[in-house]
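As given, the protein sequences belong to chains R and B, one line each in that order. 173 is the number of the first residue of the first sequence in the numbering used here; add one for each residue after it. 173 is the number of the first residue of the second sequence in the numbering used here; add one for each residue after it.
These aren't lab readings, by the way, just hints derived from the structure by calculation. There's no promise every hint is true.
Identical copies look the same in the list; a pair holds intra-copy or inter-copy alike.
[What the hints assert, rightly or not] Dumping the calculated DMTMM-like pairs for lysine to aspartate or glutamate here, alpha-carbon to alpha-carbon at most 25 Å:
#1 LYS269 x GLU254
#2 LYS519 x GLU264
#3 LYS260 x ASP275
#4 LYS184 x ASP293
#5 LYS295 x ASP688
#6 LYS260 x GLU722
#7 LYS746 x GLU436
#8 LYS577 x GLU440
#9 LYS577 x GLU250
#10 LYS640 x GLU231
#11 LYS205 x GLU185
#12 LYS519 x GLU664
#13 LYS269 x ASP189
#14 LYS205 x GLU240
#15 LYS196 x GLU240
#16 LYS196 x GLU314
#17 LYS269 x GLU501
#18 LYS448 x GLU390
#19 LYS205 x ASP688
#20 LYS205 x ASP275
#21 LYS746 x ASP458
Because the structure is a prediction, the values reported are computed rather than measured.
2 protein chains.
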Amino acid sequence: MRATRFFISTLKEAPADAEIISHKLMMRAGLIKRLGSGIYNYMPMGLRVIRKVEAIVREEMNRAGAIEMMMPVVQPAELWQETGRWQKYGAELLRVKDRHGRDFIIQPTSEEVITDVARSDIKSYRQLPINFYHIQTKFRDERRPRFGLMRGREFTMKDAYSFDRDVASMQVSYKIMFDAYVRIFQRFGLQFRAVAADNGAIGGTGSHEFHVIADTGEDDLVYCPTSDYAANMEAAVALPTTTERVAPTQQLTKVSTPGTVKCEQVSELLGISLDKNVKSLVFAVDGTEDGSVKKQLWLLLLRADHQLNEIKMHKVAGLANARMATEEEIVEWFGCVPGYLGPIGTKLPINIVADHTVAMMTDFVCGANEADYHLTGVNWERDLPLPMVADIRNVQAGDPSPDGKGVLAIQRGIEVGHVFQLGTSYSEAMKATFLDENGKPQFLQMGCYGIGVTRILGAAIEQNFDEKGIVWPAALAPFSVVLCPMSYDRSEQVKTETDNLYVALQAAGVDVILDDRGERPGAMFADWELIGVPHRIVIGERGLKEGKLEYQGRRETAATAVSVDEMVAFIQEKLAA
Amino acid sequence: MRATRFFISTLKEAPADAEIISHKLMMRAGLIKRLGSGIYNYMPMGLRVIRKVEAIVREEMNRAGAIEMMMPVVQPAELWQETGRWQKYGAELLRVKDRHGRDFIIQPTSEEVITDVARSDIKSYRQLPINFYHIQTKFRDERRPRFGLMRGREFTMKDAYSFDRDVASMQVSYKIMFDAYVRIFQRFGLQFRAVAADNGAIGGTGSHEFHVIADTGEDDLVYCPTSDYAANMEAAVALPTTTERVAPTQQLTKVSTPGTVKCEQVSELLGISLDKNVKSLVFAVDGTEDGSVKKQLWLLLLRADHQLNEIKMHKVAGLANARMATEEEIVEWFGCVPGYLGPIGTKLPINIVADHTVAMMTDFVCGANEADYHLTGVNWERDLPLPMVADIRNVQAGDPSPDGKGVLAIQRGIEVGHVFQLGTSYSEAMKATFLDENGKPQFLQMGCYGIGVTRILGAAIEQNFDEKGIVWPAALAPFSVVLCPMSYDRSEQVKTETDNLYVALQAAGVDVILDDRGERPGAMFADWELIGVPHRIVIGERGLKEGKLEYQGRRETAATAVSVDEMVAFIQEKLAA
């Protein structure tokens, strides 16, 4: 490609609404162009990267036996009403009426449509397993679109949907997709981690997220450096920090702790380390209107230096619909203002849940349910019975790994893929059955598998950039090599050598761009460093006098002189590395 | 590809709503699957054809120097308001509100978005000419979607948009696209015709339509078999059928013609051939409410065997907003009921337009503006002055070609491409300018160029089918070759030979599918004839005894025995043909 036949549009400054580095660099490098809030044109330079992502995804999906098709972007509401997602999906679902007043949605995902295809076209177990995928435009009406392609409204996803005869077979299909995802992210050349995940609203029995590792990531990934345990923060099991509760050594004592509504203040006042304190969080579960179920208050106990995980909390039996209690409710049930609450001596009976670590504590401190007082030397099964124990906290670095093979570490990641075992949640809702060997109808066992194609660009940049711009991994770069001739339009020799090299590289199958725009060297170099092309070759009269060209890799700080004759082989070696 | 790893879903009967052959065959062959009115899933078999269309379009666009990008499917209404199309586009424009109540549309076409890109990113004449294209999902909310992908609501289009510094340069860009289109349709292997077209609502100065020739086409294409003149019915110039008016031989005579409200009846009653009769059509142009412009009635005169072309009629000065006159208006202005109207002796003054052919007539017949009476022997410039003369009729086969190089013929076509010279209609509306050599802002000269990617499938089938199913041209077939083994799962020899041939054909780069489904021969052959794969090879024990396989081309009625060793070369020769 010659630059004058392509479209290059770089900016010195990123627009003010670009908050994160990938958004800034994508705008500055001219990969995308904003059309509206969370809506972008994919400019020619950006589309080249998207196509490289798509090509790798497509190859690996095909290799894994998935079959490509396309589904409508505009989908009838009826299907979404069958599964109840027309109601449940909320404001993120872009709804539209056609000229006849019929309801449609712009696809945010396509479980309903593929299940509709399956229920009419899959008739027999002999057609199973089968896996359909599509790479298409999707739309989610985010409340606050930001971060460019990382949290846009319109984006490109690859979604695959597997159909199987039973759970065991579905899990085989799931494993095939999991392995394909590993190959895909390896081929991207990105550092990534697959973590066990919570299934969330989509339902089903098992799932993993694929994250690109980046300090700027929004998600905490929990992993064990000495084993293969990995999970996201919701799914990571928080074991107690000790496996045994030691014997009490202190008496239960009520102490005056005026003005200490925070555990840190109590800890400091009493000279007791923070991890000997227990914090009390209060949630309420409302009763039914007919009074058959009464309102309950729940006291959750966590070690003072631990964090509640709300998703885990909601999974505790009885707490699915829990909400933060109001101060009024707290005073009514505890007989005390917040800041001095604890499990002993509440005014009304309270449900108590202790985190696993709290259940192992001895001689701990908690509120006395009396303003300006705490209790010290509190001990389970002596001063109060052990309540319900559950995992309700975030893992912390240094916690024991659930597989017993080390301690956990935490790193930040950007979610770019997600694989789910859906089971029969959609096939039951939509009555998608097949006939088994005995001619009996059975619900199809489903899995679904997404990759955020356009999100990959943002994640790749968050992981690979420097002060000059993007540093694309080889597989994703819009061009592999850029030729930067000095005085292309004024030096016959430079022009001839550049054109010869350009033709030779193209003949060798190298994805090369020749910058024939006639820009000054500084501006030209800055553009290509910003755009992030991995390999740069400078062709100048001075070097040519000695038969040399200048090569510099995007991550390198100095150029290497390479003879004209050897340059093609030199580049091929670099690309093969 | 092995059939068991792919998805084949054929139907014996087409659904009742499929009216035309391409729709029926696409449904039966499992290329598409209906999701809603005018909305289809592109099933794996259909998607393969779409990808082949896209690949050819993309290669030729790139070769012609156009640059690929992608535009959002969901576009802000503001841009459409700038050009006025938010109002003008009507009910076909699918409008949607986001969660904040802001207006958006689902792209039916993208002139606004690309002009928005151009006005911000094209700053200098040095960036021109430039041509952007995209291949994407579009949506038009057709009042009555039908004919499958031929008139669906959601479809795939390739649209290109060129930007130039002046009209001459824009016409060069237009010619480059025109030539690329010719190459594209040649590569598709379809019979097609490019015809001059009316620009219609999109505005601008010149355009051509590309039609696939098919008896079932909706459009009439006018062309001259002995020259390169070609136009659609709206743009085809209807010359007078004779170049000279001969001298009168008859007297003007009022004759009694009771009960003859149609020209055919008058012609029969009087024993005068139909082409000596003139028919009178009456249109009204309403006045303004303030009375500054008064209502006018217009009498249009056509030879009785000719047809009015309303688009041409509306181009006549003064008739842009003409509508059919009511019977009441006719009686008021002509003093006579319809059926006996004519240009002589109207009650009130009428504007008259004669078609070019009428202006050349001598001794003709027309209504006498008196019920049950006609005039015969009517002659221009003797009995009445020659009125305004204009081309207001459809061309007929046998009419003289406007280039003077023969007579015109008419054939049916399906519009699949359209190229337009837009000029500055969009750039002026959206203030898209560039700085010329003198640093002065100038409006960008635009062109736009569409191909209906998914529509090509329907058009190709309308041109290429037989009683067994689709007959794909080589370039568009979902697979080039199908291997049909007899008893693949029971005969070791058949399995081995089939697998060997499959591997050998794949190694030779042939797009081959192996039907390993274990279907009976009759069902297997019927499926592949319906799907329309061009080349079939049958592998059976009987033939293998003599070292032979059976080859049959899709258009052939009998098979040819080809030796096992020669089959790959034989197929390569067929594919190269």
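Up to 25 Å CA-CA - GLU436 versus LYS746, copy category: Neither way: LYS746 and GLU436 sit 56 Å apart in one copy and 83 Å across, limit 25 Å.
Intra- versus inter-copy proximity for GLU501 and LYS269 (alpha-carbon distance at most 25 Å): Answer is neither; intra-copy 45 Å and inter-copy 41 Å both fail.
Status of ASP275 relative to LYS205 across identical chains (alpha carbons, at most 25 Å): Between copies only: 20 Å across, 31 Å inside.
Within, between, both or neither: LYS205, GLU240 at alpha-carbon 25 Å: between (29 Å within a copy, 14 Å between copies)
Same-copy or cross-copy closeness of LYS269 to GLU254 [CA-CA at most 25 Å]: both (18 Å within a copy, 24 Å between copies)
Status of GLU250 relative to LYS577 across identical chains (alpha carbons, at most 25 Å): Cα proximity of LYS577 and GLU250: none, with 50 Å in one copy and 59 Å across.
Within, between, both or neither, where LYS196 and GLU314 count as close if Cα-Cα is 25 Å or less: within (20 Å within a copy, 41 Å between copies)
25 Å Cα threshold - placement of GLU722 relative to LYS260: Answer is neither; intra-copy 59 Å and inter-copy 58 Å both fail.
25 Å Cα threshold - placement of GLU440 relative to LYS577: neither (35 Å within a copy, 104 Å between copies)
Homo-oligomer pair classification [GLU185, LYS205; C-alpha up to 25 Å]: For LYS205 and GLU185, the Cα distance is within 25 Å only inside one copy (14 Å; across copies 48 Å).
Intra- versus inter-copy proximity for GLU231 and LYS640 (alpha-carbon distance at most 25 Å): Result: close neither inside a copy nor across copies, 33 Å intra and 34 Å inter.
Homomeric proximity label, LYS260 with ASP275: Cα distance no greater than 25 Å: both (16 Å within a copy, 23 Å between copies)
The structure fails to meet hints 2, 6, 7, 8, 9, 10, 12, 17, 18, 21 from the earlier list, while all remaining hints are met.
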